[in-house]
Amino acid sequence: MGVVLFGIALPPVQGFDTGSRLLATGGITQIEGAAGGGLVPWAVLSGYGQKDEWGGDLFVTYARTDDYALGAAGVSVAFGNRVEFSLSTQLLDIDDLADDLGLPDDTLRQEIVGVKARLLGDLIYGVVPQFSAGLQYKHNADFDVPALTGARDDDDIDFYLNASRLWLSGIYGYPVLVNVGLRFSRANQLGLLGFGGDKDGSRDTLFEASAGILLRRDLLLGYEYRQKPDNLSFAAEDDWQDAFLAWFPNKYLSLTGAWIDLGSVAGKSGQDGFYFSVEGTY
Amino acid sequence: MRSSMLPCTPLPVLLLVVACAATPGPGGRSLYEDLGGQPGVERLVTATVRLAHSDKRISFLFEKMNDAELIRQLQDQICYLSGGPCEYKGRSMSEAHSGMDINEAEFDAFVERLTDAMVGTGIPHSARNRLLSLLAPMREEIIHQ
Ligand code: HEM
Chain A
430 MGVVLFGIAL PPVQGFDTGS RLLATGGITQ IEGAAGGGLV PWAVLSGYGQ
480 KDEWGGDLFV TYARTDDYAL GAAGVSVAFG NRVEFSLSTQ LLDIDDLADD
530 LGLPDDTLRQ EIVGVKARLL GDLIYGVVPQ FSAGLQYKHN ADFDVPALTG
580 ARDDDDIDFY LNASRLWLSG IYGYPVLVNV GLRFSRANQL GLLGFGGDKD
630 GSRDTLFEAS AGILLRRDLL LGYEYRQKPD NLSFAAEDDW QDAFLAWFPN
680 KYLSLTGAWI DLGSVAGKSG QDGFYFSVEG TY
Chain B
4 MRSSMLPCTP LPVLLLVVAC AATPGPGGRS LYEDLGGQPG VERLVTATVR
54 LAHSDKRISF LFEKMNDAEL IRQLQDQICY LSGGPCEYKG RSMSEAHSGM
104 DINEAEFDAF VERLTDAMVG TGIPHSARNR LLSLLAPMRE EIIHQ
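Residue numbers (the working numbering), protein chains in the order written: chain A, 430 to 711; chain B, 4 to 148.
Excised from the complex, chain A in its bound form (with noise of 0.2 angstroms):
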């Protein structure tokens, strides 16, 4: 594993290989753990595993906006191009609002376990696209502050259904991803400011669609949007995009930068910045 940490220009390793699936096709990993783009799932799952092979990765992610600061790591498994598996862990800095409110915490952790499968369909072959269901079980650790935001749990479960096809031709032979989704949730600001809100109490049918296009064999350029659920009547919460630029140098690293506009968050508007992450697959 060292080389995948620390093997920025190093080539494949005899002896390690990852799966046969094609590079790129395991996308990187999404802010709570599943594989996918950065802030939204794909249906594809992680590493490179194919039938009757396994593959996962690990990854670490740091996002910055003008008031807010979040970092997430976490890995995964993946069996037979089938099943996924994931835990997570989150972590944001509030800072700003701590000391602009009085709060009694100035970060809040959450826990992710995932679960992801392939229900049909491939991402590349035949005619139907490759569609997953996935559930992501969520645990604030830090309730204190989203107790007092108005949030009633702190733990709850996001349902997701997502398709996504990768047309190899796309646009003049460069392929095109498209991924389309939904997601049931009540998760405040990803769960991080809890689950269900004074304003509502129930999950939301949340829309979540990427797309992205391969530059080259390694690199993706995309899109991202993800509607958010809008519980708390302290703070209204916005929908989230991004544009990412996702590198993957060989089947065993991908590095991914994206410009991040997460609009209002907890009564601070205008948060954009960057996010950054490191991802190793194995």
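Think of the hints as simulated: they come from the structure by calculation, not from any bench. Using N, Cα and C, we set each Cβ at its ideal position, and we do this for glycine too. Treat the hints with care, since some could be wrong.
Said to hold, decoys possible - Once the Cα atoms are required to be at most 30 angstroms apart in a straight line, the calculated DSSO-like pairs of lysine-lysine come out as:
id: 1; chain 1: B; residue 1: K92; chain 2: B; residue 2: K67
id: 2; chain 1: A; residue 1: K480; chain 2: B; residue 2: K67
id: 3; chain 1: B; residue 1: K59; chain 2: A; residue 2: K480
id: 4; chain 1: A; residue 1: K697; chain 2: A; residue 2: K628
Unchecked claim - The following label-pair restraints were derived from C-beta to C-beta distances:
id: 5; chain 1: B; residue 1: S97; chain 2: A; residue 2: V542; range: 42 to 48 angstroms
id: 6; chain 1: B; residue 1: R53; chain 2: A; residue 2: F636; range: 44 to 50 angstroms
id: 7; chain 1: B; residue 1: Y83; chain 2: A; residue 2: Y601; range: 18 to 24 angstroms
id: 8; chain 1: A; residue 1: S631; chain 2: B; residue 2: S97; range: 39 to 45 angstroms
id: 9; chain 1: B; residue 1: R32; chain 2: A; residue 2: P678; range: 45 to 51 angstroms
Starting from the known structure of chain A, arrange chain B with the ligand on it as the hints suggest.
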């Protein structure tokens, strides 16, 4: 659910463009030309077969092969598919691969080696993907035969 979505997101636009994208490349040249014509296709096919022999995931399938014959057939097929002046006279894909029981992983391994061969012989990214998009639909007739 406050929305900061722009009035027209890139997503539907991309979908439309994809739906309209035809096979010819930017300059309206045939794929065959972008592959480098007959010499280009020959270099590509020769390199692919050589790389297939060196990939331990699939080399066993090529061991007993008559390479010259395979190269000739593949060359005709790719020439024909890419719009070149050739005719493919070999067997159907399901016949050619019958009894091999090629699985999904082996298919991807072959595509990976084919891609390496295209990179190695200097075929540009867009031409590589246009060729792959012509071969991908054959997968169902090649695997598990
Ligand atoms: C898009 C993918 C593929 C195409 C277009 C293709 C095309 C061909 C063609 C044209 C032939 C010659 C048929 C003939 O002589 O009549 C052939 C034979 C063969 N192919 Fe493929 N092939 C593909 C994938 C594969 C894969 C994935 C493998 C193995 C991993 C493979 C292994 C072989 C072997 C071993 C033969 C020789 C069979 C024989 O003559 O007994 N092919 N293929």
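Evaluated hints:
1. K92/B to K67/B: holds, 21 angstroms
2. K480/A to K67/B: Holds, at about 26 angstroms.
3. K59/B to K480/A: Given pair K59/B, K480/A holds - Cα atoms ~18 angstroms apart, limit 30 angstroms.
4. K697/A to K628/A: holds, 19 angstroms
5. S97/B to V542/A: 42 to 48 angstroms: holds, 44 angstroms
6. R53/B to F636/A: 44 to 50 angstroms: holds, 48 angstroms
7. Y83/B to Y601/A: 18 to 24 angstroms: Check passed, 22 angstroms falls within 18 to 24 angstroms.
8. S631/A to S97/B: 39 to 45 angstroms: violated, 52 angstroms
9. R32/B to P678/A: 45 to 51 angstroms: violated, 31 angstroms
Going down the numbered hints, you'll see the structure goes against 8 and 9, while the others check out.
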